[in-house]
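*Asks:* First to last, the sequence lines map onto chains A and B.
Using our numbering, read the first sequence as starting at 1 and increasing by one per residue.
Using our numbering, read the second sequence as starting at 1 and increasing by one per residue.
There could be a bad hint or two in this list.
Okay, the calculated bits of chain B under chain A, using three or more residues with CB under 8 Å as the criterion [as the list claims (entries may be wrong)]:
(1) 90–102
(2) 157–170
Computed footprint of chain A on chain B, listed as stretches where at least three residues anywhere in the stretch have a Cβ under 8 Å from a Cβ of chain A [to be verified]:
(3) 75–83
(4) 111–122
Negatives, chain B to chain A, calculated, CB over 10 Å [stated by the list, open to error]:
(5) D25
(6) R37
(7) Q44
(8) N125
(9) R154
(10) P201
If you're looking for bench data, these hints aren't it; they were derived computationally from the structure.
For each residue, glycine too, the CB sits at the ideal point set by N, CA and C.
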Amino acid sequence: MNPSTTAIILIGFQDDYFSTDGVLHDLLEDSAGTRAVLGRTVGMLKSLRDSPVTMISTPIIFSPDYSEIRQKDGLLLAIREAQAFKAGTPGAETVDEFKAFGDRIQDIPGKRGFNAFTETGLARVLGDASITHVVIAGAVTSICIDSTGRAAYELGMQVSILSDCTAARTNVEQEFFCTTIFPAYATVRTADEVVASLSQGAH
Amino acid sequence: MAATGSMNSTAMVMMGLQHDHFADDAPIRSMLDDSDRIDTVKGQVLNAAAELARSGVSLIHVPIAFEPGHAEITQSVGILSVIKSLSLFEMGSMGARPIPELDSLGDGLLTLSGRTGFNAFRGTNLDEVLSDRGVTRILLAGASTAACIDSTARIAYELGYEVVILHDCVISRTHSEHELFCGTIFPQYATVQSADEFIKPDEQ
Chain A
1 MNPSTTAIIL IGFQDDYFST DGVLHDLLED SAGTRAVLGR TVGMLKSLRD
51 SPVTMISTPI IFSPDYSEIR QKDGLLLAIR EAQAFKAGTP GAETVDEFKA
101 FGDRIQDIPG KRGFNAFTET GLARVLGDAS ITHVVIAGAV TSICIDSTGR
151 AAYELGMQVS ILSDCTAART NVEQEFFCTT IFPAYATVRT ADEVVASLSQ
201 GAH
Chain B
1 MAATGSMNST AMVMMGLQHD HFADDAPIRS MLDDSDRIDT VKGQVLNAAA
51 ELARSGVSLI HVPIAFEPGH AEITQSVGIL SVIKSLSLFE MGSMGARPIP
101 ELDSLGDGLL TLSGRTGFNA FRGTNLDEVL SDRGVTRILL AGASTAACID
151 STARIAYELG YEVVILHDCV ISRTHSEHEL FCGTIFPQYA TVQSADEFIK
201 PDEQ
């Protein structure tokens, strides 16, 4: 992997998922596993901090009246009903652990659905930086991780999904996606593998 | 029960009803569902489509097809890379052709070209066609569950369509994939029903 053309895309690292009092924290069954995902992700970012690799965070945030959500069923309706990821609330905040990185992590706002490319500047930012390989971490495996991975693949990018830096609703779901769904469009790697590969600058 | 909207504002969007998925000698048949189930699903799709068309539902087929040489596919991993290496769904080839049984659906079936990936909205004018027809709800059928059906359903949901997955009208790579997607993945953004449950909700 070439760090100059690689971007790490951090999805949903917000208190409503990752904080124990987040309103959607219970959606992720394995609470200890979710903390471990955050820990490994932060460890990876620290290891790569001084490398040229691009780091991007794409939080999902809704306006206080949730006018962006027109859906009458499904997860987006559930988010609206739970009042999750509401602008100005602690739950919408990016996890504290990322604050130490300051501007090293670039925030791309505008995500209001599953796919981090929809209605955000993500594709343009990646294009401007000549990124050809995206490495995806965050929550939730079967939703935003999968939707964003599919979109990146269709845009012609190389996609890596971090098996140990993504959080699923259940361990069964995590295992199934990493072994049979993600390989349909991506390479599944661990954080250590990515750090090693990017540090060598190998392709 | 999803039958809240009218049939006139509903479209059945069929994915990949083509030789390379459904024919007896299709090269990827062995990578797809149980062979018996592929034929069963094909029959159910055709029956459901005919019946839904009589109720005023729009029928749309979105095949996948590539230029000879598959230049559209630059990906070196995943399903698109396999499609390229096996020269599947190549324009002008038998494999890319719609299954002949679709002819039985007559002129009411609209076929959209331009799809070169999982998502039926990309490269096609599907969104425009649906919007022109006043469609607010789409029923998904065809191939295959975890790839094109799922990608299209996710995008449709994000675009604001009501999405119904006709679980007996989609083929999956494995039985466990079918169960997981219909049981726990699709319900996050779609209603999962059999064609009969959708067509005759009162009899359920």
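*Asks:* Give me the numbers of the hints this structure contradicts, sorted from smallest to largest.
*Replies:* 1, 9
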